[in-house]
Every structure is written in C-alpha cells, then in structure tokens.
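Visitor: Protein sequence lines correspond, in order, to chains E and Y.
If you're matching positions, the first sequence starts at 0 in numbering that gives the first Met the number 0 and goes up one per residue.
If you're matching positions, the second sequence starts at 0 in numbering that gives the first Met the number 0 and goes up one per residue.
Don't read these hints as lab results, they were simulated from the structure.
Facing chain E, from chain Y, some residues (calculated, C-beta under 7 Å):
#	residue
1	L25
2	Q30
3	Y173
Idealized CB from N, CA, C, for every residue including glycine.
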Amino acid sequence: MKRWFTTFFVGGLIAYRGLFNWIRPAMYIPTMLGSPLFQLIFFTKLGQFAHAESRDFYIVGNSVQVCAMSSVYAMTMAVANERWFGTLGPLLASPANRAAVFLGRAVPVLANGLLVSAFTFAAGVLLLGFRPGLGSVPALALIVLVTVTSCTCFGMLLGSIGLRAKDFFFAANLAYFLMLLFCGVNVPLDSLPGWMSAVGRCLPLTHGIAAAREVASGQSLPGVSGLVWTELGIGAAYAAAAYLLFRLLERESRRTAVLDAY
Amino acid sequence: MNAARIVASGFRTNLKMLGTSSFFLLTSTVQPVIFATLAFFMYRTGDRAGTLLYAALGAGMMGVWSTTLFGSGGMIQWQRWQGTLELGVGAPPSMTLVYLPFSLANSFTGMYALVATLVWGRLVFGVPLHFAHPWLFVLALPATVISLGLMGLVLASTFILYRYANALANLLEYPVWIASGLVFSTSLLPSWTRPISWILPPYWGILALRHAALGGGSVWVPLALVAALGVASIAVAAVTFRLFERLARDRATLSLT
Numbered sequence: 000m001k002r003w004f005t006t007f008f009v010g011g012l013i014a015y016r017g018l019f020n021w022i023r024p025a026m027y028i029p030t031m032l033g034s035p036l037f038q039l040i041f042f043t044k045l046g047q048f049a050h051a052e053s054r055d056f057y058i059v060g061n062s063v064q065v066c067a068m069s070s071v072y073a074m075t076m077a078v079a080n081e082r083w084f085g086t087l088g089p090l091l092a093s094p095a096n097r098a099a100v101f102l103g104r105a106v107p108v109l110a111n112g113l114l115v116s117a118f119t120f121a122a123g124v125l126l127l128g129f130r131p132g133l134g135s136v137p138a139l140a141l142i143v144l145v146t147v148t149s150c151t152c153f154g155m156l157l158g159s160i161g162l163r164a165k166d167f168f169f170a171a172n173l174a175y176f177l178m179l180l181f182c183g184v185n186v187p188l189d190s191l192p193g194w195m196s197a198v199g200r201c202l203p204l205t206h207g208i209a210a211a212r213e214v215a216s217g218q219s220l221p222g223v224s225g226l227v228w229t230e231l232g233i234g235a236a237y238a239a240a241a242y243l244l245f246r247l248l249e250r251e252s253r254r255t256a257v258l259d260a261y
Numbered sequence: 000m001n002a003a004r005i006v007a008s009g010f011r012t013n014l015k016m017l018g019t020s021s022f023f024l025l026t027s028t029v030q031p032v033i034f035a036t037l038a039f040f041m042y043r044t045g046d047r048a049g050t051l052l053y054a055a056l057g058a059g060m061m062g063v064w065s066t067t068l069f070g071s072g073g074m075i076q077w078q079r080w081q082g083t084l085e086l087g088v089g090a091p092p093s094m095t096l097v098y099l100p101f102s103l104a105n106s107f108t109g110m111y112a113l114v115a116t117l118v119w120g121r122l123v124f125g126v127p128l129h130f131a132h133p134w135l136f137v138l139a140l141p142a143t144v145i146s147l148g149l150m151g152l153v154l155a156s157t158f159i160l161y162r163y164a165n166a167l168a169n170l171l172e173y174p175v176w177i178a179s180g181l182v183f184s185t186s187l188l189p190s191w192t193r194p195i196s197w198i199l200p201p202y203w204g205i206l207a208l209r210h211a212a213l214g215g216g217s218v219w220v221p222l223a224l225v226a227a228l229g230v231a232s233i234a235v236a237a238v239t240f241r242l243f244e245r246l247a248r249d250r251a252t253l254s255l256t
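Use the sequences and the hints to build the structure in full.
Guide: Printed below as a string of structure tokens:
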C-alpha cells in the first residue's frame, strides 16, 4: 500500500514536472495566467457589446472554464508526452500499479487548475468589478474544486487517446475550444440548439459553471447540490473511461508492437 | 528579380508546409468557426442580429491574426528544431528577405479563416453577404492580410533571441483581438488603450473591411493607414532582424540550446 501511495504522489509529481512542458515561469506566466486573463476580458467585453448577459455571467463562466487550460493541456501532456519523450516503453515495462501511475499525475494538474481559476476570479474582482458575497466564497471554491476534478478526468481521457493518436495536441486544442462553445461558458445552454445543449450536458464544466453562477448570485450550496453531484458524477465517468482506455491502448500497443510508433 | 524569386519560392514552400499542418488547419478554419459561432449566439441573445456580418468579419480577422501570430512565433522556433535556422541565417540574402515569404504565407493561410467564417455564417446562420462596396472589400482584404504578414515579420525577428516564443504567441492572441476591436467596439476599453489600437494593423484592417462590407465610413483612410503600418513594419523588421541576428551571432546563441 505504501508503494502505491509513493507511486501515486511522488511519481505523479515527478511525471508532472518532467512532462508538463509549460511549467517554467517564462512559459507558465504568459500561457497559464496571461491567456486566461485576456480571455476573461475579451468575453466580458464582447458580452457587454452584444448586450447579451450580465457581466458576472461571463466572469464566473470564464473563471471556471479556464481551469481547462490546466486540466486539458497539462493532463494530456502528463500522459501523452511519455510517448513523445520515448519513456513510455520503460514506464509500461515497470511493475508499478497502473492506477497509481495514471491517477497520481492528476493531483498536480488539479492543483494547477485551481490556481488558474483562482487567479482569473481575482482578476475579475480587481479589474472588472466582480463582487460575490463573502459568504459565497467557500461554496464557490468547493464548486471550482469539483469542476477542476471533473475537467481533469476529461483531460485523462484525452491523454489516453494521446498514447496512440498521432497529433494529440490537435485533440487537446479542439477540446478546449469546443468546451467554450458547448458548456454554457459564454452562451446560456437554452440559447443553444437542442443537440448542442445535450452535448454540453454530457461534458465536464457545464454543471459546475451553472452551480457557480447560482452561488455567486446568492444561492446556498445545498441549493445547487444536484448540479455539483452531477458534475462529480460526470468526472467519475470520464475517469473510469480514461482508465479503461489507457489499459486497452496499452494492451493493444503491446500486442501490435506500436508502443512508441508515430 | 532574384528577390522576387526568393519571395515566390519561399511563399510556395511555406504554403505547402502549412497545408499539411493540423495545427494550422485548426487555427485557420476550426477555431475561427468556433469563435464566430460563439459571437453569433452572443449577438443573437442580445438581439443584435443585424450585426451578424460584423461578427463574421471580426471572427475571420481573429483567425488571420492567430495564424499570423502562431506562424511568426513558430517560424524561427520550428527552423531551430529542424536545424535549418543556421542555413537561413547563413544564406547570402538578408534574413528579412529569407523570412518575408514565410510570414506572408502565414497570414495568407489566415485568410482561409475569413472565408470560413463568412461561408459558415451564410450557411448556418443565414448571414446576408451583401457588401456595400464589394470592389473596395476585394482591395482591402489582401492589403490587410499583407500588412499583418509584415507585422508578423517584426514579431518573428524578436523571437530570434527568445527561447519561449510560443509562450509569447499564446499571450498575444487575445490582447490584439481586444485592442483591435475585432468583434466589439474599442470604445468599451479604457481611453489609455487607444494609442495601442492605433499602431496595430488589424485595427485599421478591420475598419477598412467593415466599412467596405457594411458601409458607414470611409474605406480609403483605414486602408491607407493599414498600408502605411505595413511599410513601417517591414522597415522595423529589417532593422530588428539585422540587430538580433548580430546579437545572436556575437553571443553564439542562435540555436538557443
């Protein structure tokens, strides 16, 4: 059991530091903090110009959504870069527990996602006049934690695909942009066509953002518990799918001898 | 004649390379269509349906800028990774001339974005494509794209000394969309940002395109300014390429490894 936890925590951290390309400050600050900050300003101003929704609608939506910068890109890199750097073979030849190897990488990604979201919320407060009630902050923090978790599980699925797919960054980029469109970040779900809102309801973020908006406008945490549990359930489903896919692709890669092939 | 051959050949080669890149496919067609869709829905929600062509043009220009930015940011970096940067620097023509066609090809690829958002807007959202001054639009589009390409050349020159050019590219995408007022008016921004907008070719480019498509203002003034900024960009790029190349040679840091 001790070995499982060592692989989970220490292995996860080492893998994250080694495989997440954007960890250096010169890369991290412009990409993980600068880009979300300007995304927030862009959509808030666009919403203001379009007379679509209130300012807080965009601040909450984008501040929660930017956690996907970490969850999607960092998680994809933390799994798929094993193949890019040529370390996938030795990793899969090791006797380490696969669940510990796989899930351990998610912990630093999750922490990073929380940081990015918190930073963007803070920017909303300082630059755009976002003023949630002080009492709503703990509930908001919990909702963001749940949403980052479910997003990270989704990132795991993309990372698993990256074990075999040729261009995993294309998939990560596409997923990030589609989440902007389908998850009710900047357009309310009921303004989207039915099929789009149906897809959005199966994705992470959607229920978390809806819960965060309600809490920011004064609703209590028990009042949005249904949304929070749904978000968590979606995350668990993606985590299970990701783990199964990881094991399946590992077995198939061994069987067809294409482990490190592009 | 020799310079024209270098430009033509470099342009063709880079265009072919970009055509095989899934990243550029994403930046020049998929991403602008997603942003255009977002803008259409937001405008519809706010009952600004009359401005859907405004949104389509803006989202298209966002794609032109993204492609130029990532292309210029990546141009030096990719050559560095492929080991061909030294060959380009060591070639007899100036670096500006060697990399000019690459930068132009990047922004030309970005033009797909404008086509994609207009076609998408027409087919899916029924955006009427009635241009107030079609011939001026045809004139303004290449002028804007070339000017953006020349601005990309300035960016590329600064990336010679900077190891994390792609980080800077990631950072600069939204700010230029914002400061250029591509999908919303810059009057929503603080007044101190106005001079920043004025020195950006996309700001004047979108004004020229918007006035040509929707009417309501002069096309020639923004068109002249976008051309002037293009000329200024190539003059600046010639100086910065020479300066940064010399610095990189002095410090032996061209490969940055």
